[in-house]
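Asker: As a plain string of letters, each chain reads:
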Amino acid sequence: MALTLDDVKRVAHLARIAIDEDQARAALSQINDVFRLIAEMQAVDTRGVEPMSHAQDLVQRLRPDAVTEGDQHALFQSVAPHVEGALYLVPKVIE
Amino acid sequence: MHNATIQSLSADLAAGKLSSVELTQHFLNRIKALSSRFNCFITINEEASLKQAGAADRMRSAGKAQPLTGIPVALKDIFCAKGWLTTCGSKMLSNFVSPYDAHVVERLDAAGAVNIGKTNMDEFAMGSSNETSCYGPVRNPWDVQSVPGGSSGGSAAAVAARLAAGATGTDTGGSIRQPAALSGICGLKPTYGVVSRYGMIAFASSLDQGGPLARSAADLALLLNVMAGHDPRDSTSLERQREDYTRELGRPIKGMKIGLPKEFFAKGAAPSVVKAVEAAVAEYRRAGCETVEVSLPNMKLSVPVYYVLAPAEASSNLARYDGVRYGYRAPDYSDLTDLYKKTRAQGFGDEVKRRILIGTYVLSHGYYDAYYIQAQKVRRLIARDFAEAFKRCDVIMGPTSPTTAFRLGEKMDDPVQMYLNDIYTIPANLAGLPGMSIPCGFDDQGLPVGLQIIGDYFSEARMLGAAHQYQLATDWHQRMPPGIQ
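Just so you know, the sequences run in chain order A and B. Just so we're on the same page, the numbering used here is the position in the first sequence counted from 1, plus 10. Just so we're on the same page, the numbering used here is the position in the second sequence counted from 1, plus 19.
Hints may be right or wrong, so weigh each one.
What the hints assert, rightly or not - So the derived label-pair ranges between C-beta atoms look like this:
| id | chain 1 | residue 1 | chain 2 | residue 2 | range |
| --- | --- | --- | --- | --- | --- |
| 1 | A | Lys19 | B | Phe284 | 40 to 50 Å |
| 2 | A | His92 | B | Ser55 | 13 to 23 Å |
| 3 | B | Ser335 | A | Ala96 | 20 to 30 Å |
| 4 | B | Pro316 | A | Ala96 | 35 to 45 Å |
| 5 | A | Ala49 | B | Asp494 | 28 to 38 Å |
| 6 | B | Lys276 | A | Asp67 | 25 to 35 Å |
In case anyone wonders, no lab produced these hints; they're calculated from the structure. Idealized CB from N, CA, C, for every residue including glycine.
Whole structure, please, built from the sequences with the hints as guidance.
Answerer: Printed below as a string of structure tokens:
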């Protein structure tokens, strides 16, 4: 399955990564090399095989619905690029 | 002092032959003198390290010393350490001072170990040569024109150059084992779920596992004893009885069945690698082990499977880097979307971006079943191959890497060439099995070769025992890189 330049641009948008024409072209050829590698895997007959996401048959561990964390926003926001009044500042979204 | 194992340093500290402060200062001085030659550290904080060393000495005087108390351990810069710059080798986190400790860091701290510094690594753990770091490549102490392996290249080089007594690393597709092999040291990736991933910056969550690097199997066991253990903050952390990973070091290996996968010894590995690995296997036979040929028929699919699953999971894990709450933010942007796009375009390096794009594509509408689900199914086939093999043997052995250390820049133009380096290590990550690498010889250029040992789930103690017995009969693990005293 070979990707097109449009695929690269579409996926870059989905991933929120800015990419110009030249970068998209360079990425395209390398990504298609990787997809050639991946093609071998596509061809395998996996009918009746369950997908495996985990080696041990684990179930999501649950915990009581109780508050366990305290307010550490000052600590966590000490590393933020732009904070004001405990809010993270970003460009306005709504006109 | 710096050539002593953790085990012997621990004994010296216990006997009062030296203090943790003295030992830490010794390593810090060595780092100042030698580290730039290999570029293995990103951050050193003398004051913080010495403060921890002082606390370790006080812990000892209070009679509370443990095996790792006072031992300088380097941390791969993927482990969040409170108050320390934690960069993951990336511009995206080059200003990130972590507000919290990873579980592994908390445990090392509680054991009294000393954080001697944060080591260089491939950006976001994506790489097999430590050449993708925004802090420059790490150089192999055995040959500074060659790579140390990756992504835990800084940790491996630091241990090989005797700049730390041990180190932590992470292994998603081989990133502990392969640099251990290329740098002539020992490294172990535990069974998935044994070491908590809390505070270990996520790359591919179903594959990532933290583990130790050191110069002997016995040292790996001491480090693993501290690193392993249940952590409720990691939803994939297993709840199991505590284990002492040193308990089988002395177990005789006579009669142990070693499986040799024919796919590991087929065409593909360099002759000098095969020669050294076969010599190691011969040594095991001399010790009374039995070898049996096994097969992992789906092994060659592990690289394509991995390069679907890992980028897919990475695209999800790296979505958090958006310039809003921490890390790099682009200096100029027009609106919120532009903020995200520019931050991520500028903050991430090429390999990371490439993998995010691949991952986003394979998860996208219309492709998810053909790629991601298919990869998860083939993953099960690979895991089943191992289950079959382990019916006929106790451990599996083979080369860790198809080649010894290659030259810096040699594989950077062709990502697929780089990816194929991981062919022997990826299968254990996909199956969630424990794997380790120990030195077993050199090639004609004097570059180290690693022997890989893969065990069944939770058999780390046995694997460490098998490695230790080999290390009692051989001295590959004691060799020093030329020019390192």
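Asker: Run every hint past the structure and note whether it holds.
Answerer: Now the hints, each set against the structure:
Checked against the given bound of 40 to 50 Å, the beta carbons of A/Lys19 and B/Phe284, roughly 44 Å apart, stay inside it. The hint said 13 to 23 Å for the Cβ distance between A/His92 and B/Ser55, and at roughly 35 Å that hint is violated. A hinted range of 20 to 30 Å for the beta carbons of B/Ser335 and A/Ala96 is consistent with their spacing of about 28 Å. For B/Pro316 paired with A/Ala96, a C-beta distance near 57 Å fails the hint of 35 to 45 Å.
The given range of 28 to 38 Å is broken by A/Ala49 and B/Asp494, whose C-beta atoms sit roughly 46 Å from each other. For the pair B/Lys276 and A/Asp67, the supplied restraint of 25 to 35 Å holds, since their beta-carbon distance comes to about 27 Å.
In this structure, the hints that do not hold are numbers 2, 4 and 5, in rising order.
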